[in-house]
Amino acid sequence: MIDEQAKYLSEYRLKKAESLLIQAELLLRNQQYDGSINRSYYAIFNAVRSMLALLRTDSRSHSGVISFFDRYFVKTGMFDKQFSKIVHAAFDTRQDNDYEDFYVPSEAEAQEQYDNATQLIREIKQKCELIVQNKLLLPKLS
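Under the numbering used here, the letters of the sequence shown match residues 2 to 143, in that order.
Careful, some of the hints might be misleading.
Said to hold, decoys possible - Derived DSBU-like pairs (lysine-lysine); straight-line CA-CA distance at most 30 Å:
#: 1; residue 1: Lys16; residue 2: Lys76
#: 2; residue 1: Lys17; residue 2: Lys126
#: 3; residue 1: Lys8; residue 2: Lys86
#: 4; residue 1: Lys128; residue 2: Lys16
#: 5; residue 1: Lys86; residue 2: Lys141
#: 6; residue 1: Lys126; residue 2: Lys86
Since the hints were made in silico from the structure, they are not lab data. In this text the structure is predicted, and so the values were computed from the model without any measurement.
With the hints as extra help, turn the sequences into a complete structure.
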C-alpha cells in the first residue's frame with residue numbers, strides 16, 4: 002500500500018513532467034529546438050522521479066535518478082529496456098545541448114526527444130496508476 006505522502010509527491014512530479022512536456026511542444030513548434038530538448042529531458046527526469054517517490058527514494062544527481070530507474074524498474078522487468086535507452090539518450094542529448102559549445106540541435110533531434118518523452122511519460126503514468134490502485138507491485142529496494 003502506498004502512503005498518502007508518497008502518492009502526493011508522485012502525482013506532483015508527474016504533473017510537473019506533463020507541464021514540461023507542453024513547454025517542450027511549444028518550443029518545438031516555434032523552432033526553439035535547444036529549449037525543446039531541455040524541456041523534454043526535464044519532463045522525463047520528473048516523470049522518473051515520480052516513480053521513485055512511490056518507492057520513497059530519490060537521488061541528488063541526475064545520473065543517480067537514472068541509475069535507480071534502471072535498477073528498480075528496468076532490471077526488475079517493470080519497464081522494457083527501450084525505456085532505459087530513452088532515458089539515457091535524453092540525458093546525453095540534453096548534456097550536449099546545454100553544455101557543448103557550438104552545438105546546434107536539429108529539428109529531428111528535438112522531435113525525437115519530444116516523442117520519446119511523450120512515450121515514456123505515458124508509460125510511467127499508466128504504471129503509477131496501477132501501483133496506486135494496488136494492481137501492480139513495486140519492486141523491493143535492495
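Could you check the structure against the hints above and give me the numbers of any it violates, in ascending order? none
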